[in-house]
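First to last, the sequence lines map onto chains A and B. Plus 302 on top of the position in the first sequence (first one is 1) and you've got our numbering. Under our numbering, the residue at position 76 of the second sequence is numbered 63, and the numbers go up by one with no gaps.
To be clear, the hints were calculated from the coordinates, so they are not data collected in a lab. Just so you know, these numbers come straight off a predicted model, no measurement behind them. Treat the hints loosely; a few may be bogus.
[To be verified] Pairs of lysine-lysine, DSBU-like flavour, derived with a Cα cap of 35 Å:
#1 Lys408/A x Lys462/A
#2 Lys170/B x Lys34/B
#3 Lys412/A x Lys170/B
#4 Lys462/A x Lys393/A
#5 Lys101/B x Lys412/A
#6 Lys462/A x Lys127/B
#7 Lys34/B x Lys127/B
#8 Lys408/A x Lys393/A
#9 Lys101/B x Lys408/A
#10 Lys412/A x Lys387/A
#11 Lys127/B x Lys170/B
#12 Lys393/A x Lys412/A
#13 Lys467/A x Lys412/A
#14 Lys428/A x Lys467/A
#15 Lys393/A x Lys34/B
#16 Lys428/A x Lys408/A
#17 Lys467/A x Lys170/B
#18 Lys101/B x Lys127/B
#19 Lys408/A x Lys387/A
#20 Lys462/A x Lys387/A
#21 Lys387/A x Lys170/B
#22 Lys408/A x Lys170/B
#23 Lys428/A x Lys393/A
#24 Lys428/A x Lys387/A
#25 Lys412/A x Lys428/A
#26 Lys101/B x Lys428/A
#27 Lys101/B x Lys170/B
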Amino acid sequence: MQLVVVAVSAGLLVAAALVFLLRPSDDGDSGPTSRKSVSGSVQLTLGGIQNANAGAPAQLGDDAATQIMTALGEYVDQGLITPVKTGTPAKDLSGLFDAGTQVAIKGPDKEVLFENGQPERTGDFKPAAEPVIIVALSNDNGEFVLATAGFNYTAEVGVKGGTLKTARNIAVTFAPENGQWKITGYDMSLTREGAEVDVPTASAQR
Amino acid sequence: MRRSRTVLLTLIGPPLCGVLLACLVAAAWVAIGLLAAKGETWFRIVKVPPTGQASFLSGQPDQVQFFLAVGNDSRDPDGVGLGDAIHVIGVNPGARAATIIDIPRDTSVGGGGKVNSVLANQGLGAFTQTIGSFVGVPLKFAMTTNFNGFERMVDEFGGIDIVIQEPMHDQNSGADFDPGPQKLNGPGALAFSRDRYSLSGGDISRTVNQGYLMITALQNIQQRNPGAGGMLNLLGLMGRHVQMENVSYGELYRLGRLALTVDPANVKNVVIPTGGGSGTNLAPGPGIDALFADFRDDGVLQSH
């Protein structure tokens, strides 16, 4: 009889453990397929180009502007949006950056530049981006040698306990490298408020 | 009856325990597998920092940078005249500090005539070489602007807010400033830079004033916080009005971004010591070697 009691108890424990580990979260989330809207996406638009001419007047070509916008779009989509949607860190985007930035983007700046899928999304996701303003510098010969792309990006995402709001002020500097415009620098400030935000006891800025 | 129970326990006890243990392991394995499939981890981070900053520029200089900035007296918008405002600048990226060494235009270098004529007669390259040899520093690049270029540069920048240190009223340069805060437009900034007659120290004080104007301009840029795009606009402005040698816009951009991190209070402005010379020439004065040595090692003056 004692043996039966032990066996039944152990079985119940196993069942309870399984139920606990596989249970839906408090808000009904039981995996990616049952989460609320995941349609959040951003269509980056070009708000304007300012040509800073050190020499004769010149205009940034469509090809260069398109390259810059394409790179920015990939950064926003893969670096900021997809991680929130999937709950996984951003994929490797080092190909968008030049050689000199590689260490920095994989170091401490990584947490500011990219989303890492945390905290876990449990509700709607609403990203938005203001139009991108490009400032492009041409040299004495009219060749464009540097360009910055600036815009503000915001996102609201439902997480455990409420809504997490994120705002990024982004300025990305591009330089041509073997015919491709690569990111050679960046200046980004990030602010978060709402649920799952750590209340600081000191400044978190570097 | 009791004995038969004992026998039963002895027979099926160990296998049953084994089965239960296997069930537990299997349950844990299944749970971990399912969690992994969801892309989750055991130690989920639930809090994120409220703020963050990231700023980086590929290829930022980490060594001391020496360069030459010269104002020349040409009235021709495209011309290069006498090098009348001569400043060797050293920037130390690590210390976030800089020094401006002011060289009066009448300085006699190498026993020859006034150094300012080298620019007009031999060009910016030769002038850079002459000044670099004189100070004993490797001048990475040089830039010069004339009257018209200087005025337009200041105007397009939007003027310079400056605190005038002493009364400056001089018909020759057009300076007409009382002490106190002023906003200088292009012609005003040129007059401020040229005035020597209303200053007790004459040309020496004028040279120091030019360095002061540069530090003030740096302060103005920092206060206006141009950002990355604004810095490109500033470089475009500069490129239109300044003649440069041995520097690319990429390098200038990096140096400009570095300059934005240097507190103007950490920029020393020192005129070289001069003594008597033939005519109006100024011979390098006592202590000049020590000054240059102090400057040369790291671009920062420790004992001056």
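Going down the list of hints, with the structure as the test:
At roughly 28 Å between alpha-carbon atoms, Lys408/A and Lys462/A fall within 35 Å of each other, so this suggested pair holds. Only pairs whose Cα atoms come within 35 Å are accepted, and Lys170/B paired with Lys34/B is rejected, the gap being roughly 49 Å. At roughly 43 Å between alpha-carbon atoms, Lys412/A and Lys170/B are farther apart than 35 Å, so this suggested pair is violated. Between the alpha carbons of Lys462/A and Lys393/A the distance comes to roughly 24 Å, so the proposed pair stays at or under 35 Å and holds.
As the CA atoms of Lys101/B and Lys412/A are separated by approximately 55 Å, the hinted pair breaks the 35 Å bound. For the hint linking Lys462/A to Lys127/B, the alpha-carbon distance of about 56 Å lies beyond 35 Å, and the restraint is violated. A distance of roughly 48 Å separates the Cα atoms of Lys34/B and Lys127/B; the hinted pair therefore is violated under the 35 Å criterion. A distance of roughly 12 Å separates the Cα atoms of Lys408/A and Lys393/A; the hinted pair therefore holds under the 35 Å criterion.
As the CA atoms of Lys101/B and Lys408/A are separated by approximately 54 Å, the hinted pair breaks the 35 Å bound. For a cut-off of 35 Å, the pair hint linking Lys412/A to Lys387/A stands: about 18 Å separates their Cα positions. With a C-alpha separation of about 32 Å, the suggested pair Lys127/B and Lys170/B falls inside the 35 Å cut-off, and the hint holds. Annotation: proposed proximity of Lys393/A to Lys412/A holds, straight-line Cα distance about 12 Å (limit 35 Å).
Only pairs whose Cα atoms come within 35 Å are accepted, and Lys467/A paired with Lys412/A is accepted, the gap being roughly 19 Å. Pair hint Lys428/A plus Lys467/A holds up; C-alpha atoms about 9 Å apart against a cutoff of 35 Å. For the hint linking Lys393/A to Lys34/B, the alpha-carbon distance of about 22 Å falls within 35 Å, and the restraint holds. With a CA separation close to 27 Å, the supplied pair Lys428/A and Lys408/A stays within the 35 Å bound.
Distance restraint check for Lys467/A and Lys170/B: the Cα-Cα separation of roughly 42 Å exceeds the 35 Å cut-off, and the hinted pair is therefore not satisfied. A distance of roughly 23 Å separates the Cα atoms of Lys101/B and Lys127/B; the hinted pair therefore holds under the 35 Å criterion. At roughly 22 Å between alpha-carbon atoms, Lys408/A and Lys387/A fall within 35 Å of each other, so this suggested pair holds. Using a Cα cut-off of 35 Å, the hinted pair Lys462/A and Lys387/A holds, with the two alpha carbons roughly 15 Å apart.
Between Lys387/A and Lys170/B, the direct Cα distance comes to roughly 52 Å. Violation of the 35 Å bound is thereby established for this hinted pair. For the hint pairing Lys408/A with Lys170/B, the CA-to-CA distance comes to about 45 Å; that exceeds 35 Å, so the pair is violated. With a C-alpha separation of about 20 Å, the suggested pair Lys428/A and Lys393/A falls inside the 35 Å cut-off, and the hint holds. Distance hint between Lys428/A and Lys387/A is fulfilled; the C-alpha atoms sit about 10 Å from each other, no more than 35 Å.
About 22 Å separates the Cα atoms of Lys412/A and Lys428/A, which keeps this hinted pair within 35 Å; it holds. A threshold of 35 Å between alpha carbons decides the hint, and for Lys101/B with Lys428/A the separation of about 68 Å lies outside it, so the pair is violated. Restraint check for Lys101/B and Lys170/B: satisfied, since their Cα atoms lie roughly 33 Å apart, inside the 35 Å limit.
Violated hints for the displayed structure, listed by number in ascending order: 2, 3, 5, 6, 7, 9, 17, 21, 22 and 26.
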